[in-house]
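With the sequences and hints as input, model every part of the structure.
Sequential numbering from 1 applies to the sequence shown in our numbering.
Any given hint could be a false lead.
[Unchecked claim] Think about it this way: if two alpha-carbon atoms lie no more than 30 Å apart in a straight line, the pair counts; the simulated DSS-like pairs of lysine-lysine are:
{"no.": "1", "residue 1": "Lys278", "residue 2": "Lys356"}
{"no.": "2", "residue 1": "Lys356", "residue 2": "Lys300"}
{"no.": "3", "residue 1": "Lys278", "residue 2": "Lys157"}
{"no.": "4", "residue 1": "Lys278", "residue 2": "Lys326"}
{"no.": "5", "residue 1": "Lys74", "residue 2": "Lys233"}
{"no.": "6", "residue 1": "Lys326", "residue 2": "Lys316"}
{"no.": "7", "residue 1": "Lys23", "residue 2": "Lys360"}
{"no.": "8", "residue 1": "Lys326", "residue 2": "Lys304"}
{"no.": "9", "residue 1": "Lys74", "residue 2": "Lys326"}
{"no.": "10", "residue 1": "Lys239", "residue 2": "Lys250"}
{"no.": "11", "residue 1": "Lys250", "residue 2": "Lys278"}
{"no.": "12", "residue 1": "Lys74", "residue 2": "Lys152"}
{"no.": "13", "residue 1": "Lys157", "residue 2": "Lys74"}
{"no.": "14", "residue 1": "Lys3", "residue 2": "Lys92"}
{"no.": "15", "residue 1": "Lys146", "residue 2": "Lys304"}
{"no.": "16", "residue 1": "Lys327", "residue 2": "Lys360"}
{"no.": "17", "residue 1": "Lys146", "residue 2": "Lys356"}
{"no.": "18", "residue 1": "Lys304", "residue 2": "Lys157"}
{"no.": "19", "residue 1": "Lys316", "residue 2": "Lys278"}
{"no.": "20", "residue 1": "Lys237", "residue 2": "Lys23"}
{"no.": "21", "residue 1": "Lys92", "residue 2": "Lys23"}
{"no.": "22", "residue 1": "Lys278", "residue 2": "Lys322"}
{"no.": "23", "residue 1": "Lys323", "residue 2": "Lys278"}
Source of the hints: derived by calculation from the structure; they are not laboratory data. Since the model is a prediction, treat every value here as computed from it, not as a measurement.
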Amino acid sequence: MLKTMLLSISNKCAYTCPFCPFKNTGEAELSQEHVRNLLEMIGTIEDMILICNEWYSKAYIESLLSLFYDRARKISLFLPISETKNLLKQRKILQSGFVSNIVFIMYHETTVPENDIYTLLSSMDVDIGIWFISELSNSSYITFQKVFPVAKRLGLKIWIGETPYSYSNYMDPVVFAFRVGGENIGLPYSSRYGYRISRAYIDGYPASLMIRPPVLSNILYLSPVGELAKHPKSQFKVKIEEADIEILRKIIFMPENLPLNEFIFIPKVNVNLQEELKGVEIDQTTIQLLEAIQTFNSLKVACKSTGIPYSSCVQKIALLEKKLGKKLVTTIRGGKMRGRSYLSELGLQILETYRKIIFKINEDLAKYE
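Below, the structure written as structure tokens:
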């Protein structure tokens, strides 16, 4: 039985996952006859994954899913979180029972579309989860802290790891889990979607840490142009119409080392702000600190989450307030709300300006890729 099969039917995606392996992979409509013949040779599939596609016609998607339905024990959709509204338009397909899992991929968003996910949860019998792309950076920790409470409240599964199937070099979900307060982190106990899984508990809620295996086996990838390979970056590829039993066995069962030695360069942008009249510059570390204060409403917790000593935080904010001539943070020191900190109107204005700039940069980077 094949453990995991990846199917990508389009390379159109406006999302900006780092090291995405599915963009620029060509585009064509797969022959259903070829897919049917392939499935006859494969037999049973544990996990079939339709990954990161802009939706084709309803009829085409439904016909593909129907082919896999009798062969796959579980069919999962991996989609960017930005696709929730488009997915709602396909509820008829989802209600057909073909799909058992939906995994939304999140990278730099700080908000979860709660209403859309509520609608999906209430209108169909599927498991829904969020795959959070972890980076070992303060901004990634802060983003997760904003996303996590909503996912927990909705009862969503949480997966933490690299961009799915990117096999990038530097994202360690175990270290990330420690940094965001994960406890009882155990050794890998199972495998799913081609990854080894370790369990962590964050604020008492379970999260799956997706650990990249050193060697791939029992996985098959079918590209938009009908090429079969071990994974999207594999050098050995075969056209679907040329595959026979022996070639399939070679692709599926022969271990293959992951291509981790290649160099991949992606844009990395650091944004500082400068007040126009006074020329006061606000660096990215300070902006991240303001974001953390808005998230946690606690100066001490914000300092800890950004890795800045408390005394340095206080000094940094006080110096900036002196230069600007206005308060950025207000702290309530007595009563029931004792010890809580809030951003002033100016602090909120700085964050709003920064977020608009970052959103525009991410839009432009998506076009660049």
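Hints and how they fare:
A hinted pair counts as satisfied when its Cα atoms are at most 30 Å apart, and Lys278 with Lys356 qualifies at roughly 22 Å. With a CA separation close to 27 Å, the supplied pair Lys356 and Lys300 stays within the 30 Å bound. Pair hint Lys278 plus Lys157 does not hold up; C-alpha atoms about 48 Å apart against a cutoff of 30 Å. Only pairs whose Cα atoms come within 30 Å are accepted, and Lys278 paired with Lys326 is accepted, the gap being roughly 13 Å.
The straight-line distance between the Cα atoms of Lys74 and Lys233 is roughly 24 Å, inside the 30 Å bound, and the hint therefore holds. Between the alpha carbons of Lys326 and Lys316 the distance comes to roughly 14 Å, so the proposed pair stays at or under 30 Å and holds. A distance of roughly 21 Å separates the Cα atoms of Lys23 and Lys360; the hinted pair therefore holds under the 30 Å criterion. At roughly 25 Å between alpha-carbon atoms, Lys326 and Lys304 fall within 30 Å of each other, so this suggested pair holds.
Between the alpha carbons of Lys74 and Lys326 the distance comes to roughly 57 Å, so the proposed pair goes past 30 Å and is violated. Simply put, Lys239 and Lys250 have alpha-carbon atoms about 14 Å apart, close enough for the 30 Å limit, and the pair holds. At roughly 66 Å between alpha-carbon atoms, Lys250 and Lys278 are farther apart than 30 Å, so this suggested pair is violated. Taking the CA atoms of Lys74 and Lys152, the gap is about 24 Å. The hint holds against a cut of 30 Å.
Restraint check for Lys157 and Lys74: the C-alpha separation of about 16 Å stays at or below 30 Å, so the hint holds. For the hint pairing Lys3 with Lys92, the CA-to-CA distance comes to about 28 Å; that is within 30 Å, so the pair holds. A threshold of 30 Å between alpha carbons decides the hint, and for Lys146 with Lys304 the separation of about 16 Å falls inside it, so the pair holds. This hinted pair checks out: Lys327 and Lys360 have alpha carbons roughly 28 Å apart, not beyond 30 Å.
Our distance criterion of 30 Å between C-alpha atoms is met by Lys146 and Lys356, whose separation comes to about 18 Å. Proximity of Lys304 to Lys157 is assessed by CA-CA distance (about 27 Å); at most 30 Å being required, the pair is judged to hold. Restraint check for Lys316 and Lys278: satisfied, since their Cα atoms lie roughly 18 Å apart, inside the 30 Å limit. Pair hint Lys237 plus Lys23 holds up; C-alpha atoms about 17 Å apart against a cutoff of 30 Å.
With a C-alpha separation of about 28 Å, the suggested pairing of Lys92 with Lys23 holds against the 30 Å cut-off. Between Lys278 and Lys322 the alpha-carbon distance is near 12 Å, which keeps this suggested pair within the 30 Å criterion. Straight-line distance between C-alpha atoms of Lys323 and Lys278 comes to about 8 Å, which keeps the hinted pair within the 30 Å bound.
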